[in-house]
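Chains E and W, in that order, are what the protein sequence lines are. Residue numbers for the first sequence follow the numbering used here, so the first one is 18 and each next one is one higher. Residue numbers for the second sequence follow the numbering used here, so the first one is 17 and each next one is one higher.
Honestly, the hints are just simulated from the structure, not real lab data. There could be a bad hint or two in this list.
From the structure, some residues in chain E lie toward chain W, with a derived Cβ separation under 10 Å [claimed, not checked]:
id, residue
1, 66
2, 126
3, 170
4, 172
5, 177
6, 183
7, 206
8, 211
9, 273
Built from N, CA and C at the ideal position, the CB exists for glycine as well.
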Amino acid sequence: MLTMVQSLGRISIGWLQEIGASFLILLGALLRKPRPLKGLSLIIDQLYAVGVLSLVIIVVSAAFIGMVVALQGYNTLVKFGASSELGPLVALSVARELGPVVAALLFAGRAGSALTAEIALMKATDQLAGMSMMAVDPLKRIIAPRFWAGFLSLPMLTIIFDAVAIYSAFLVGVKWLGLDNGIFWSNMQATVNFYGDIINGVIKSVVFGFFVTWIAVYQGYQSEPTSEGMAAATTRTVVYASLMILGLDFILTTMMMGSW
Amino acid sequence: MQEHKTQTVVGLFVIIVIAALVFLAFKVSGLTSLASEHTYTVTADFNNIGGLKIRAPVRISGVTVGTVTDIKLDPVTFNAIVTIDINDSQNQVPIDTSASIFTEGLLGANYVNLTPGYQNKFLTDGGQIKSTKSALILENLIGQLLFNAKK
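Produce the complete structure using the sequences and hints provided.
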């Protein structure tokens, strides 16, 4: 009995320590005074690695998700003679839910795991220790630009995801299934609100971007400097980030529901 | 050279994002201008507003000219006070205009329809629409029908 209580206490203390350590790393990375020009060019390099290189998987999955939602939606709506509502159906489900969540899940798998693996490998090969020996702060030189790049990339990728998914739904609905072009767009425009639907979706992705990159950077920085440690850290990034995205999505949706 | 290439690609990425945002704003959500149009506010008292909700459209002859911004209950008369914002471009709505609550289609949402009157005075900010017609409540209609049928 006592050992059970003891192990519960140990686990709780471990959890709290981990949360505290991750806060310290975040604050350490964000509160350092950045050097204006050099810092910006480091962020741009990371934007390329994190954002631009994730573009292909985002665009391809957005195109297929848009097409599938259009097909499924058409199939059901046409039974009620409501196929003119296909545009609003696709635009709302993509802008409110599918865009932010699916883009964030893909981003956690594609970019989050890469960030963790990169930082963990630097740690395993003592590059981070070497940097601090040379009075270069690894939090500032390695962690901060990666964090900012991930935080900025995900909302941008989500905007691209939304646009590609809606356009591919247009291709399926109008060009293939033969809905009327004008009705498709005008019903969509009458239903979708720019601030309430699209901007709220982007706000979701800003929150997701913050947490996914934070988890990725922290797991890399705290990983065991061995090959097993690297593997475990990468796995943890994807699992924790995905769970975090789904849980936060529910909370954010309940908060945003009032404006629909 | 390598660094320039990275910067160019990131720049292109940002341009694509802006293009996608413009597409979402103007083609998908039908935003016509970023600044919201100037409006003036009038109120109307209804006996029963049915299922009218805040942000419901206000129409004249089917053309949307404004939105419902607030719905309150008058504590004395127990009428519903509906606050309506009308776009400034429609600033010549006669003062004897009547407001009624209609339904879009058979099962659609409610909206406020304005039927313009004939006077040369116009509604201004803070004005009140005197003549109103309540929403048709299906249950009341059926009740009246049954009552008449019994007689």
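Item to complete: May I ask you to test the interface hint for residue 66 of chain E with respect to chain W, counting a Cβ-Cβ separation under 10 Å as satisfied?
Response: This hint holds: residue 66 of chain E lies near chain W, its Cβ roughly 9 Å from the closest one there, short of 10 Å.
Fill in: Hinted contact residue 126 of chain E with chain W - closest CB pair below 10 Å
Result: violated, 20 Å to nearest chain W Cβ.
Worksheet item: If you take the shortest Cβ to Cβ gap from residue 172 of chain E to chain W, is it below 10 Å?
Response: At 9 Å from the nearest chain W Cβ, residue 172 of chain E passes the 10 Å test, so the hint holds.
Item to complete: Under 10 Å, Cβ to Cβ, is where residue 170 of chain E needs to be relative to chain W, so tell me if that hint holds or is violated.
Response: 9 Å, holds
Worksheet entry | Hinted contact residue 206 of chain E with chain W - closest CB pair below 10 Å | 3 Å, holds
Discussion item. Please check whether residue 183 of chain E passes as an interface residue: C-beta within 10 Å of a C-beta belonging to chain W.
Written reply: Where the cut-off is 10 Å and the nearest Cβ of chain W is about 6 Å from residue 183 of chain E, the hint holds.
Item to complete: Return the status of the interface hint for residue 211 of chain E: holds when the least beta-carbon distance to chain W is below 10 Å, violated otherwise.
Response: Given a least distance of 4 Å, the restraint on residue 211 of chain E holds.
Worksheet item: Would the stated hint for residue 273 of chain E survive a check requiring a Cβ distance to chain W of less than 10 Å?
Response: Constraint on residue 273 of chain E not satisfied, violated at 15 Å.
Worksheet entry | chain W contact restraint on residue 177 of chain E - CB to CB distance below 10 Å | 5 Å, holds
This entry does not satisfy hints 2 and 9, going by the numbered hints stated previously.
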